[in-house]
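Student: Sequence:
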Amino acid sequence: MLALKKMETEISCTKARIYSGFYSGIGISVLEEDLPDGTISPRLWKKLSSIDAKLNLILEKLIQNSEGFNQAQNRQVSLSEEDIQILTPDVFSAGDFIEIKMQLPVSTPVWIVLYGMVSQIRSITPEQNEIWIQFSEMDGEVKQLMGYYLFNRHREIVRKQRSASENSATRPKNS
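Note that our numbering numbers the sequence shown so that position 18 is 10, with each residue one more than the last.
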């Protein structure tokens, strides 16, 4: 999932980051002060906790929508730690400063917000453009997350290629 937006801000003012949004800690171990005291029924506490978790998810979705994450689309990309190549119907010019909101499908999908400058453009069709965006400064946490994702994705691709070549080598040939 990916959303692109042309920015009018200076590059020096922005830094890539992991989007945390509202996420109030659903799934995080319960703190001692969050445990019910003896005056609340355990069944009622369980229901209240469930309602709280659902409300937090709704708030998270609303905040994501207000920040433009709902406009993200599946797009064909080629990603590295330094740049990204994207097929898009959007029209950009070399030198445009772009905000990229991207969901990385790691064990728990994570949204990251990256910034970069369009370095190359190629028109494939009137409705399809290929753009290369060179990333600007990144937070260390973002670099680490991208490195983790890219390493695992590369391993997955190698595994599939190896499996495909082994399957084609063991297939009997028709004479």
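Don't read these hints as lab results, they were simulated from the structure. All C-beta atoms in this analysis are idealised placements derived from N, C-alpha and C, irrespective of residue type, glycine included. Hints should not be assumed to be uniformly reliable.
Said to hold, decoys possible - Listed next, the in silico DSS-like pairs over lysine-lysine satisfying Cα-Cα at most 30 Å (straight line):
#: 1; residue 1: K7; residue 2: K(-3)
#: 2; residue 1: K46; residue 2: K152
#: 3; residue 1: K135; residue 2: K(-2)
#: 4; residue 1: K(-2); residue 2: K93
#: 5; residue 1: K93; residue 2: K39
#: 6; residue 1: K(-2); residue 2: K46
#: 7; residue 1: K135; residue 2: K(-3)
#: 8; residue 1: K(-2); residue 2: K38
#: 9; residue 1: K7; residue 2: K38
#: 10; residue 1: K46; residue 2: K93
#: 11; residue 1: K53; residue 2: K39
#: 12; residue 1: K(-3); residue 2: K93
#: 13; residue 1: K(-3); residue 2: K53
#: 14; residue 1: K135; residue 2: K53
#: 15; residue 1: K53; residue 2: K38
#: 16; residue 1: K135; residue 2: K152
#: 17; residue 1: K135; residue 2: K7
#: 18; residue 1: K152; residue 2: K93
Stated by the list, open to error - Listed next, with one range per pair, are the computed distances between beta-carbon atoms:
#: 19; residue 1: E148; residue 2: I116; range: 23 to 29 Å
#: 20; residue 1: L47; residue 2: H146; range: 36 to 42 Å
#: 21; residue 1: I113; residue 2: Q63; range: 20 to 26 Å
Student: It remains to establish, for every hint, whether it holds in the given structure.
Tutor: These are the hints, each one checked on the structure:
1. Proximity of K7 to K(-3) is assessed by CA-CA distance (about 15 Å); at most 30 Å being required, the pair is judged to hold.
2. Distance hint between K46 and K152 is unfulfilled; the C-alpha atoms sit about 38 Å from each other, more than 30 Å.
3. For the suggested pair K135 and K(-2), the alpha carbons sit about 22 Å apart, so the restraint of at most 30 Å is met.
4. At most 30 Å may separate the alpha-carbon atoms for a hinted pair to count; K(-2) and K93 meet this at roughly 12 Å.
5. For the hint pairing K93 with K39, the CA-to-CA distance comes to about 35 Å; that exceeds 30 Å, so the pair is violated.
6. Taking the CA atoms of K(-2) and K46, the gap is about 34 Å. The hint is violated against a cut of 30 Å.
7. This hinted pair checks out: K135 and K(-3) have alpha carbons roughly 21 Å apart, not beyond 30 Å.
8. Taking the CA atoms of K(-2) and K38, the gap is about 45 Å. The hint is violated against a cut of 30 Å.
9. With a C-alpha separation of about 40 Å, the suggested pairing of K7 with K38 is violated against the 30 Å cut-off.
10. For the proposed pair K46 and K93, the alpha carbon gap of about 25 Å is at most 30 Å, so the pair holds.
11. At most 30 Å may separate the alpha-carbon atoms for a hinted pair to count; K53 and K39 meet this at roughly 21 Å.
12. This hinted pair checks out: K(-3) and K93 have alpha carbons roughly 9 Å apart, not beyond 30 Å.
13. Taken as a hint, the K(-3) and K53 pair is honoured in the structure, with Cα atoms around 20 Å apart against an allowance of 30 Å.
14. Between K135 and K53 the alpha-carbon distance is near 25 Å, which keeps this suggested pair within the 30 Å criterion.
15. A distance of roughly 23 Å separates the Cα atoms of K53 and K38; the hinted pair therefore holds under the 30 Å criterion.
16. At roughly 26 Å between alpha-carbon atoms, K135 and K152 fall within 30 Å of each other, so this suggested pair holds.
17. Distance restraint check for K135 and K7: the Cα-Cα separation of roughly 11 Å lies within the 30 Å cut-off, and the hinted pair is therefore satisfied.
18. A hinted pair counts as satisfied when its Cα atoms are at most 30 Å apart, and K152 with K93 qualifies at roughly 28 Å.
19. Separated by about 27 Å at the C-beta atoms, E148 and I116 satisfy the suggested range of 23 to 29 Å.
20. One distance hint, 36 to 42 Å for the beta-carbon pair L47 and H146, holds here, with the actual separation near 39 Å.
21. Taking 20 to 26 Å as the suggested C-beta distance range, the pair I113 and Q63 conforms, at roughly 21 Å.
Violated hints, in rising order: 2, 5, 6, 8, 9; the structure is consistent with all others.
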